[in-house]
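Visitor: Sequence:
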Amino acid sequence: MKKFIELWKKYSYVILLIFIIASLFDFKIAVAAIICMVAPIIVSLFKGRFWCGNLCPRGSFYDNVVSKFSKKNQVPKFLKSVYFRIFVILFMFTMFGIGIKENWGNIEGIGMVFYRIIVITTLIGIVLSLFYNNRTWCNFCPMGSIAAFISYIKRDKNNILQVSNTCVNCKICSKKCPMGIEPYKYKGDALSHYDCIQCAKCAIACPKKSISYK
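Counting from 1476, one number per residue, gives the positions in the sequence shown under my numbering.
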């Protein structure tokens, strides 16, 4: 399973590209995007934002393609703020709801609604990556924010990364985290920050191998 996830993380962005191109020929295909709306929420019930860092095709696109052009600067705090994220959720779902209502009964029209949202938000993520880091969009992605809220409510410390007492507070992990989290502050505990996407970049970078799954 671990090898599969690693391969998926590396190449699943191809699915996003195929989806965008294929949907141009038949907008009904775009309805499949509902999978990426529901999956993060379902996965968050068991493993926090694991979907975001390991299974999301768009996340793979940002990591493997966009990262090559990203400035890798810190994401402004207001983009990660609760108020901004609530605004984005309300705005996106309002626009989505209006689009679905206007096209109800027309599967191609509904597909166009999904397609428009995916393309526009992906482009927003690309543009922001040119100024900040490649995962900027993930800091306020509506579905990611809902998954983060569920993680916050559950406060489950199982099935997530752990920071052992061998941590020496070198802070290398915080420099590698695309979400601006400081894993070293969780020394001797689970990395239970609600926005941790469990991409394991901190674990890979840790010189002491202090971050890992149990």
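Check the hints yourself; a few may be wrong.
[To be verified] Okay, the calculated beta carbon distance ranges per label pair:
| hint | residue 1 | residue 2 | range |
| --- | --- | --- | --- |
| 1 | K1684 | K1576 | 50 to 56 Å |
| 2 | N1633 | N1578 | 38 to 44 Å |
| 3 | D1501 | I1573 | 20 to 26 Å |
| 4 | K1684 | I1582 | 46 to 52 Å |
[Said to hold, decoys possible] List time: in silico DSS-like cross-link candidates among lysine-lysine, alpha-carbon distance up to 25 Å:
| hint | residue 1 | residue 2 |
| --- | --- | --- |
| 5 | K1576 | K1484 |
| 6 | K1576 | K1543 |
| 7 | K1555 | K1632 |
| 8 | K1676 | K1503 |
| 9 | K1477 | K1503 |
| 10 | K1662 | K1646 |
| 11 | K1660 | K1522 |
| 12 | K1650 | K1683 |
| 13 | K1485 | K1547 |
| 14 | K1632 | K1547 |
| 15 | K1629 | K1478 |
| 16 | K1484 | K1650 |
| 17 | K1552 | K1651 |
| 18 | K1683 | K1646 |
| 19 | K1662 | K1485 |
| 20 | K1650 | K1552 |
| 21 | K1555 | K1484 |
| 22 | K1477 | K1555 |
| 23 | K1485 | K1676 |
| 24 | K1555 | K1662 |
| 25 | K1555 | K1683 |
| 26 | K1632 | K1646 |
| 27 | K1543 | K1485 |
| 28 | K1555 | K1660 |
| 29 | K1477 | K1683 |
| 30 | K1676 | K1478 |
Note that these hints are calculated values from the structure, not bench results.
Don't be surprised by glycine CBs; every beta carbon is placed ideally from N, CA and C.
Visitor: Evaluate the given range 50 to 56 Å for the C-beta pair formed by K1684 and K1576.
Guide: holds, 52 Å
Visitor: Does the structure keep K1650 and K1683 at a Cα separation of 25 Å or less?
Guide: Distance of about 15 Å is within 25 Å: holds.
Visitor: Does the alpha-carbon distance linking K1683 and K1646 stay inside the 25 Å limit?
Guide: Holds, because 12 Å separates the two Cα atoms, which is no more than 25 Å.
Visitor: Starting from the range 46 to 52 Å, see whether the pair K1684 and I1582 falls in it by beta-carbon distance.
Guide: Given a distance of about 50 Å, which is inside 46 to 52 Å, the answer is holds.
Visitor: Between the alpha carbons of K1555 and K1683, is the straight-line distance 25 Å or under?
Guide: violated, 30 Å
Visitor: Going straight from one Cα to the other, do K1629 and K1478 come out at no more than 25 Å?
Guide: Violated: K1629 and K1478 sit about 28 Å apart, past 25 Å.
Visitor: CA of K1485 to CA of K1676, is that 25 Å or under?
Guide: Judged against 25 Å, a Cα distance of about 13 Å means the pair holds.
Visitor: Do the alpha carbons of K1555 and K1662 lie within 25 Å of each other, as the hint requires?
Guide: Status holds; Cα separation ~24 Å.
Visitor: So if I understand the rule, the pair passes when the alpha-carbon distance is 25 Å or less; does K1650 with K1552 pass?
Guide: holds, 16 Å
Visitor: Is the hinted pair K1662 and K1646 satisfied, with a Cα-Cα distance of at most 25 Å?
Guide: Roughly 11 Å between the alpha carbons, so the hint for K1662 and K1646 holds.
Visitor: That 38 to 44 Å hint for N1633 and N1578 (C-beta), does it hold up?
Guide: Given about 42 Å between the Cβ atoms, the range holds.
Visitor: Do the alpha carbons of K1676 and K1503 lie within 25 Å of each other, as the hint requires?
Guide: Distance ~36 Å between K1676 and K1503 Cα, so the pair is violated.
Of the hints listed earlier, those the structure fails to meet are numbers 5, 6, 8, 9, 14, 15, 19, 22, 25, in rising order.
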